[in-house]
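Asks: Chains as they are written, first to last, in my numbering: chain P, 1 to 292; chain S, 1 to 667.
Worth double-checking, as some hints may not be accurate.
[As the list claims (entries may be wrong)] Label pairs and their calculated CB-CB ranges:
| no. | chain 1 | residue 1 | chain 2 | residue 2 | range |
| --- | --- | --- | --- | --- | --- |
| 1 | P | Gln-283 | S | Leu-644 | 57 to 63 Å |
| 2 | S | Leu-634 | P | Arg-216 | 49 to 55 Å |
| 3 | P | Arg-152 | S | Ala-636 | 55 to 61 Å |
| 4 | P | Glu-211 | S | Leu-24 | 21 to 27 Å |
| 5 | S | Leu-73 | P | Gly-227 | 24 to 30 Å |
| 6 | S | Leu-644 | P | Arg-216 | 55 to 61 Å |
| 7 | S | Leu-24 | P | Asp-228 | 18 to 24 Å |
| 8 | S | Leu-644 | P | Asp-95 | 47 to 53 Å |
| 9 | P | Ala-250 | S | Ile-32 | 22 to 28 Å |
[Said to hold, decoys possible] Partner residues are not named here, just some residues of chain P that face chain S (Cβ under 7 Å, in silico):
| no. | residue |
| --- | --- |
| 10 | Asp-51 |
| 11 | Trp-52 |
| 12 | Ala-56 |
| 13 | Val-183 |
| 14 | Phe-220 |
| 15 | Gly-225 |
| 16 | Met-236 |
For the record, the hints were derived by calculation from the structure and aren't laboratory data.
Small disclaimer: the values here were computed from a predicted structure and weren't measured.
Glycine included, C-beta positions come from ideal geometry on N, C-alpha and C.
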Amino acid sequence: MLGRLSRLTVAARWPMLGTVSGIHRSATRGSSVEFAEYRKYAAGDDIRHLDWRVYARTDRFYMKEFEADTNLRCWLLLDASGSMAFAADHGSRFDYARRLVATLAWLLAQQGDAVGLVVMSAHHTMELPPRRSPLHLKQILDELRKARPSGRTVLVDALHTWAEKARRRAMVVVASDCFDDVVALLDGFQHLRFHHHDVTLFHLLDPLELEFRFDRPMGFRDLEGGGDIITDPAMMAREYQAALDRYLRALEHGCREFAVDYQQVRLDEDLESALARWLIGRQRTSLGSGGP
Amino acid sequence: MIFLQPELLWGLPAASLPILIHLLNRLRYRRINWAATAFLVAATRSSTRRARLRHYLVLACRVGALASFLLLLSRPMLGGRVSAWLAGAPEVVLIAWDRSPSMDALVAGVGQSRREVAMELLATAERQIGRRGVRYLWLDSATMSITPLQTLQALRSVKVAGPAAAGASIPAMLRAAARRLADERPGRAELWIVSDLQAASWTAPTEVWSSAVAGLKGLPMDLTVRVLAMDGPAPENRAVRIQSVRRVGDRPARLELAVEIESEGGADPAAAIPVTWNWMGARTAVDVSIEGPLTIVRRAWEWPENADAVWGGVELPADGNVADNTAWFAVGLPQHARVGIVAQDSTVERRVQLAFAPRPTSRLELLRTRPMEVTPSWIRSLALLVWQAPAPTGAIAMAIGERVAQGGVVVWLPPGVEELDVGGTDGPGWTKLEAAEHEPWRVSSWLETEGPLARTLDGRNLPLERLEIRRRARWGHRPGYPWTVLAQLSDGVAWMARRTVGTGSEYIVGTLPIAEWSNLGEEWVWVPILQRILDEAVRPQGLGRSVVAGQWKAEEGEVWQSVAGNFSAEGDQAGVGRCGERWVAVNRPRDEDDRRTWGPEEVRRRLSPLRVTIAHVAWGPDPSVAERSEIWPLLALLAMVFLLVESALLGSEFAPQAVGVSARRST
Chain P
1 MLGRLSRLTV
11 AARWPMLGTV
21 SGIHRSATRG
31 SSVEFAEYRK
41 YAAGDDIRHL
51 DWRVYARTDR
61 FYMKEFEADT
71 NLRCWLLLDA
81 SGSMAFAADH
91 GSRFDYARRL
101 VATLAWLLAQ
111 QGDAVGLVVM
121 SAHHTMELPP
131 RRSPLHLKQI
141 LDELRKARPS
151 GRTVLVDALH
161 TWAEKARRRA
171 MVVVASDCFD
181 DVVALLDGFQ
191 HLRFHHHDVT
201 LFHLLDPLEL
211 EFRFDRPMGF
221 RDLEGGGDII
231 TDPAMMAREY
241 QAALDRYLRA
251 LEHGCREFAV
261 DYQQVRLDED
271 LESALARWLI
281 GRQRTSLGSG
291 GP
Chain S
1 MIFLQPELLW
11 GLPAASLPIL
21 IHLLNRLRYR
31 RINWAATAFL
41 VAATRSSTRR
51 ARLRHYLVLA
61 CRVGALASFL
71 LLLSRPMLGG
81 RVSAWLAGAP
91 EVVLIAWDRS
101 PSMDALVAGV
111 GQSRREVAME
121 LLATAERQIG
131 RRGVRYLWLD
141 SATMSITPLQ
151 TLQALRSVKV
161 AGPAAAGASI
171 PAMLRAAARR
181 LADERPGRAE
191 LWIVSDLQAA
201 SWTAPTEVWS
211 SAVAGLKGLP
221 MDLTVRVLAM
231 DGPAPENRAV
241 RIQSVRRVGD
251 RPARLELAVE
261 IESEGGADPA
271 AAIPVTWNWM
281 GARTAVDVSI
291 EGPLTIVRRA
301 WEWPENADAV
311 WGGVELPADG
321 NVADNTAWFA
331 VGLPQHARVG
341 IVAQDSTVER
351 RVQLAFAPRP
361 TSRLELLRTR
371 PMEVTPSWIR
381 SLALLVWQAP
391 APTGAIAMAI
401 GERVAQGGVV
411 VWLPPGVEEL
421 DVGGTDGPGW
431 TKLEAAEHEP
441 WRVSSWLETE
451 GPLARTLDGR
461 NLPLERLEIR
471 RRARWGHRPG
481 YPWTVLAQLS
491 DGVAWMARRT
501 VGTGSEYIVG
511 TLPIAEWSNL
521 GEEWVWVPIL
531 QRILDEAVRP
541 QGLGRSVVAG
551 QWKAEEGEVW
561 QSVAGNFSAE
571 GDQAGVGRCG
581 ERWVAVNRPR
591 DEDDRRTWGP
601 EEVRRRLSPL
611 RVTIAHVAWG
621 PDPSVAERSE
631 IWPLLALLAM
641 VFLLVESALL
651 GSEFAPQAVG
661 VSARRST
């Protein structure tokens, strides 16, 4: 899978601010061969960038500017709340999320980008700042292996925290079930976008949660410690579906409004195809994009 | 509500199976760790009440459907105000009350007669229907009178509901009911026929039934016929009836009596029972050995000197039906009687004359005349008329009809070939003459228990099988002119028949006693037949006579007193009555002892196309079943409604929902 995915590039949708040269466009002008724009000469400008041909034609000084290529810094935010431990016929949601984050980390490291990891849970938040070294990738994978889902979700707080903490323009990838207040969630995403981060949300949902098909009374035990609900699902399926639909529509609409890349992933979907779909979509949207 | 299969009600708890399954399912719920609890809570908060209500409705529908089905199997019968409401209360209820003797048969295990049980049923029915706005008309089978009743609660004190010896004719009652209802003109009426469905009460020619039913069908009202069938197993019973009674010999004369004792319904066919003989008021109890289902017992008394008439009877101990335990007779000295012979054929005239040769003890006058010379006054003076001529018309026909109604007897013999009164409305209604092509016709069956073809006192049959009939005349049935066939030929064609009109009779014979027609003229059949008919014609002329209940009634101004039994001047009770020097013995009709009954299908067929419901009494301690009707169609409908509602509720629950969740979306 990694071999096949490595043919694709994890592309940022907008210019990034990196520390070293890379494959992503930089928010600043640089020395690549890609022409960016003309601007009037100002005192102190490096005259090496003066376009003498324009001066010959117009008798005016114009500076010729080129695109700068840089690397990107990517924050991988993994929700490790109790609800991520949900597991049905298609395996655990947290395992799926871990594999997704690990694959992304490997891909980014392969293309020379700096990858950081944040594992968010109510009990413990683990943070590895973005780095480019191979050793760092190993650390990320070790942390992912050690992570266990538990406690209430702290995704909203984490979004705000990292929006403030990662002030430099970066790619932020969130893997979560997003079972939280939609308005607060969107507020967190808006905060990230305010700092020009390129935000992607992998919304991981199990088919059982989406379809709610049960043929007998069930005792639902809340994974985040909210108590048990014993009921006949047939009696409430319609209302459950309606509430879920309202929530999904609100979340999707909010993400679109704040230019968050929303990716709903069913756990019965192959991870490779889910990532390939996202990567291809990325490549398409990154071409010719002007900026955030 | 009562149930015909109450044992099936034990299965009713099974109707709670859906609830039990529901509870078991709730107990056997499966646990699951769940993440999207917020949506569960929201769904529970917003709609659990409605969903729960729907779920409980589904459960209720299932329970209802099961309960309806189980109730349906137990065959409930609904009565009371609910059924009255369902059916709509009638304005008029006309009760055709069969009070013939067979209705006095005891109901096994109840200790009451069918008539008494029926009274209680009617009282219960009235209580359940409610009296408001319902008028009850009581049609009594014995007197055919219709009496308005305020209530059905005290029928035991109503005379026209009491026992009677007279038989019942249901078709005649229906005609009377139709006439009365036509006068009453209610918007909605019900005709309740209370009867034991005894064939003797229901049997009538097809045209009589058609006429009766058409009369009811043509009524301008909403009419429902309800038959309260009081049929059931025959009780252990013995019936007694007079087979023959005659005065024989002279100085000293004797009265010879033969009675039949019939055992039925499990009564011991071989036992000694005490029989009480009544001879002119003197009662003697004698044990009589019963030998088989039909025992003939004979008894003779010396005719008292100077007595112009004698009377007596026989009584059996009380058993399953007290109404058939007595038989009465009254016999008078032969009186002066005139017999008229109207014959076209001189040979026939001579044969008749010879058969009526006067006996030493009788005062008989034979009068012969030609058809053209007959006058109404001459007819009125006769006790017996033998008519072998074209059917009479006009005043002569009317005079003959009147004479018969007053007790006279007519014997119709076929006229000549050309004079068959095809299509005529008077007389016997000859239709066609036939000649045997090869073998002569023979009499194949005949009524040998009573009438002119009955067995002799010593139990021997008349040698009718020796009759050879080469020519015969046939007659047809006419509305209101029913003949009772007494003998029929091997091909099923009637050879001899009788019709009773008023207190008299008409006989019709399909052949002539002359050689071209048959060997009837030979004395061994012809003479006994005519002598017996003569006896029947002459007997009422005397001071003592026996009549059938319902066919005799005291003339106006006559004062009759009862000397034995329950005699009444109305002639509807059995017993012996006296008016001056005259004595009358009244007995129930012979066919009342015939226990054959009609089945419900036959009743429905005869009453078709009327709207008929038949309720059979389930003999038992709760007689209130009779006025109820089965409601299984209602329950079947109810079960279907439950299932339909359940499927509708489930349909709404599992209908495709416009949730619109897409599995893969991206911004």
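Asks: Does each hint fit the structure? Answer for all of them.
Replies: Hints, verified against the model:
no.: 1; hint: P:Gln-283 <-> S:Leu-644: 57 to 63 Å; in the structure: 58 Å, holds
no.: 2; hint: S:Leu-634 <-> P:Arg-216: 49 to 55 Å; in the structure: 36 Å, violated
no.: 3; hint: P:Arg-152 <-> S:Ala-636: 55 to 61 Å; in the structure: 58 Å, holds
no.: 4; hint: P:Glu-211 <-> S:Leu-24: 21 to 27 Å; in the structure: 26 Å, holds
no.: 5; hint: S:Leu-73 <-> P:Gly-227: 24 to 30 Å; in the structure: 48 Å, violated
no.: 6; hint: S:Leu-644 <-> P:Arg-216: 55 to 61 Å; in the structure: 26 Å, violated
no.: 7; hint: S:Leu-24 <-> P:Asp-228: 18 to 24 Å; in the structure: 20 Å, holds
no.: 8; hint: S:Leu-644 <-> P:Asp-95: 47 to 53 Å; in the structure: 49 Å, holds
no.: 9; hint: P:Ala-250 <-> S:Ile-32: 22 to 28 Å; in the structure: 26 Å, holds
no.: 10; hint: Asp-51; in the structure: 40 Å, violated
no.: 11; hint: Trp-52; in the structure: 46 Å, violated
no.: 12; hint: Ala-56; in the structure: 48 Å, violated
no.: 13; hint: Val-183; in the structure: 13 Å, violated
no.: 14; hint: Phe-220; in the structure: 4 Å, holds
no.: 15; hint: Gly-225; in the structure: 10 Å, violated
no.: 16; hint: Met-236; in the structure: 4 Å, holds
Hints 2, 5, 6, 10, 11, 12, 13, 15 from the earlier list are contradicted by this structure; the remaining hints agree with it.
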